[in-house]
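Novice: The primary structure of each chain is shown beneath.
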Amino acid sequence: AQSVTQLDSHVSVSEGTPVLLRCNYSSSYSPSLFWYVQHPNKGLQLLLKYTSAATLVKGINGFEAEFKKSETSFHLTKPSAHMSDAAEYFCVVSGLDSNYQLIWGAGTKLIIKP
Amino acid sequence: KAGVTQTPRYLIKTRGQQVTLSCSPISGHRSVSWYQQTPGQGLQFLFEYFSETQRNKGNFPGRFSGRQFSNSRSEMNVSTLELGDSALYLCASSFGTGGSDEQYFGPGTRLTVT
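These protein sequence lines are chains F and Z, in that order. If you're matching positions, the first sequence starts at 1 in the numbering used here and goes up one per residue. If you're matching positions, the second sequence starts at 115 in the numbering used here and goes up one per residue.
None of these hints come from the bench; they were simulated from the model. Honestly, I wouldn't trust all of these hints.
[To be verified] A few chain Z residues facing chain F, derived, Cβ under 7 Å:
| no. | residue |
| --- | --- |
| 1 | T167 |
| 2 | N170 |
| 3 | T211 |
No residue lacks a Cβ here, since even glycine has one placed at the ideal position from N, Cα and C.
Only chain Z is shown next, with the shape it has when bound in the complex (with noise of 0.2 Å):
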């Protein structure tokens, strides 16, 4: 069974710009959670979808979204850089909710924000 797949793994942008990540988890898991890790803030938690609807959001500002697709992959968004979004994001999928299923990471995108 192939694992999650992060796409792209390593990005560039400047500040302003918007970005966009693509995560697609493993073939029946219908959870994708995303997280945003850095070295002084360690592991934070952007927001979980299920089945395409969003079940939990973290304490981020409103240029953080997010959706799923019926196929369960799904994409974040980064509207208006900021050079301190520069991070590894992380998505994660589980067959259930997070909550109580194991969670399976991503390889990650390093997002560089000059």
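Okay, chain F solo, but in the shape it has when bound (with noise of 0.2 Å):
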């Protein structure tokens, strides 16, 4: 069965330094891999996605991630945060053996501190 786990339920930086969200999926068949953001009182949006194209995806707002088959891992980076980035970061797999059903994580909060 496929799954998803976000290894940080929090993640605090500096503004002007690096992000580093972590994301480990399992599956059995090749995953479409997500990343959505939910900013306060606001609705979930796409980031970027990954469905089995170039391995290094490039999204909205500076981010990227890394899809790494070896590791299993699909983590979402950003070379200098900013105070905006602040919100809810959500990994989410997909693929044949969820019948395409998206299987979310459970969230992490990025926290900005000036």
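With the hints as a guide, bring the two chains together.
Specialist: Structure below.
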């Protein structure tokens, strides 16, 4: 069965420093992977998605993620954090063994210190 | 293009009552998914409808049901409400099934059960 684990419930970084949000997945088949973001009191929005094309995926607002099959990881990174990045981030996996149902991680709350 | 709309935005109900929530997807989208979001459980998948057929269902009791109409609009119903049903209910639409297509989320319906 497919599953996804976000390794940190909270991540705190200083403004201007790099961001790393970690995500591991399990899947019997080639999965589709997504990162969604939810800003306080705003709706969920797609940041980026991987669907078996390039392993390094660029998203909105300077975020990117790298699909590493050998490590079953899809970590989200950004070189320099901005105050507006403070939000909750969800890693999501989908594929044949979930009948293409989206399987959501528990979320990582990103805190940006001034 | 108008986004996903959900009505009502806020609802207060009493234990034992039933409630119906409505979701209008983005024009042209055929898939509608429903989620329950709570602070303790995170984002939980309820069900997905595609072209009026339920494609996937999450692990929720039979009190939770849904349907989709020919114009892709969807409703979900919760009968015999319990205090634990208090949550933000999110609707998402996509052109194809949610597994590989980007999902667009509505603002949610905040349900409070007293």
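Novice: State for each hint whether it applies.
Specialist: Verification of the supplied hints:
1. Residue-level restraint check for Z/T167 is violated (minimum Cβ-Cβ distance to chain F is 13 Å; threshold 7 Å).
2. Among the interface hints, the one on Z/N170 holds; its C-beta lies about 4 Å from the nearest C-beta in chain F, closer than the 7 Å criterion.
3. A cut of 7 Å between beta carbons decides the hint on Z/T211: the least distance to chain F is about 6 Å, and the hint holds.
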